[in-house]
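Colleague: The chain contents come next:
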Amino acid sequence: MTTMIDTSHGQAGEHGHHDASDVTIFGFWVYLMTDCVLFGGLFTSYISLHGNLAGGPSSKELFELPFVFVETMLLLLSSCTFGFAMLALHQGKQAAVKGWLVITFLLGAGFIGMELYEFHHLVSEGFGPGRSAFLSGFFTLVGTHGIHVTVGLVWIIVMFLQVSRWGLTPKVATRMTCLSLFWHFLDIVWICVFTFVYLMGTI
Amino acid sequence: MSGTNATAHGTGHGSVKSYVIGFIASVVLTVVAFGVAAAGVSFGTALTLLVIFAVAQILVQLVCFMHLGEAGQETNRITFVFTLVLLFILVGGSLWVMFSLYRNMMPAM
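Sequence lines, in order, name chains A and B. Residues in the first sequence are numbered consecutively from 1, following the working numbering. Residues in the second sequence are numbered consecutively from 204, following the working numbering.
In isolation and in its complexed conformation, chain A is listed as follows (with noise of 0.2 Å):
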């Protein structure tokens, strides 16, 4: 029973009923939502720690900025990509889906890579998580944003193949809305992480 008759919200897009991925969509937005606690605790716990040393190094001896703003750069371009494979999604552009999905992928790899090689910089120094509660926070609260990332990254694996092998179905369609959402979000909590850590850590 559908009709291109936009009667009931007077907005661009909507096609008069609310189906089941609205709702779905809505539910990971709510998801999202709780993760934002979560990093609240997590930062929170990590603003109260980070002077405490135990002898051990300061974030101001340890934080290199311009490789930290390499990584920024990867995650922000990330984000962006992801984008355009979303109006290619909307355009129905099977393949420039799965190429921007594939960039998407490439540049968060980067950024994993370069925070990987970070943290055993770090260990290998003896300055690992166990060293003081200022790394034991920094460990946790970067660590944590970073599994969200490689998950993410598993994600975009997922849904290449999907994409695939199904094509772009409403199904498809609704799954690739949830991991731009969840894809942007870790870009605005790295906001966060790269000011409240990684700069303010050097001032």
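Simulated from the structure, these hints should not be mistaken for laboratory data. Treat the hints loosely; a few may be bogus.
[To be verified] Stretch by stretch, here's where chain B covers chain A in the computed footprint (C-beta under 8 Å, at least three residues):
id, region
1, 35-46
2, 55-63
3, 79-91
Don't be surprised by glycine CBs; every beta carbon is placed ideally from N, CA and C.
Fit chain B to the supplied structure of chain A, relying on the hints for placement.
Modeller: The following block gives chain B in isolation, referenced to the frame of chain A:
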């Protein structure tokens, strides 16, 4: 109904323009923030400026990338505002408690 209804309605749609504007604005805000950190200003000044730039970039990305400003997104916006209220109470309150403890228990801490 056309056959290309491969879209979900739960979020806004955006355009190439919104992503490009969002990206450029984010890059600018990021560069400026890194600049402030490298410039060696006082702690208070740095904190204030960095918070402003961070909030600005978050808003840019919410509007340009996540289309939170579009029509049809009212429920998501309200949910987000509610989360901000929760965060203000939980994070702000916890930091208040921790700093109070720090100040009032100085000799032993």
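Colleague: Check each numbered hint from earlier against the structure, then list the numbers of those it violates in ascending order.
Modeller: 2
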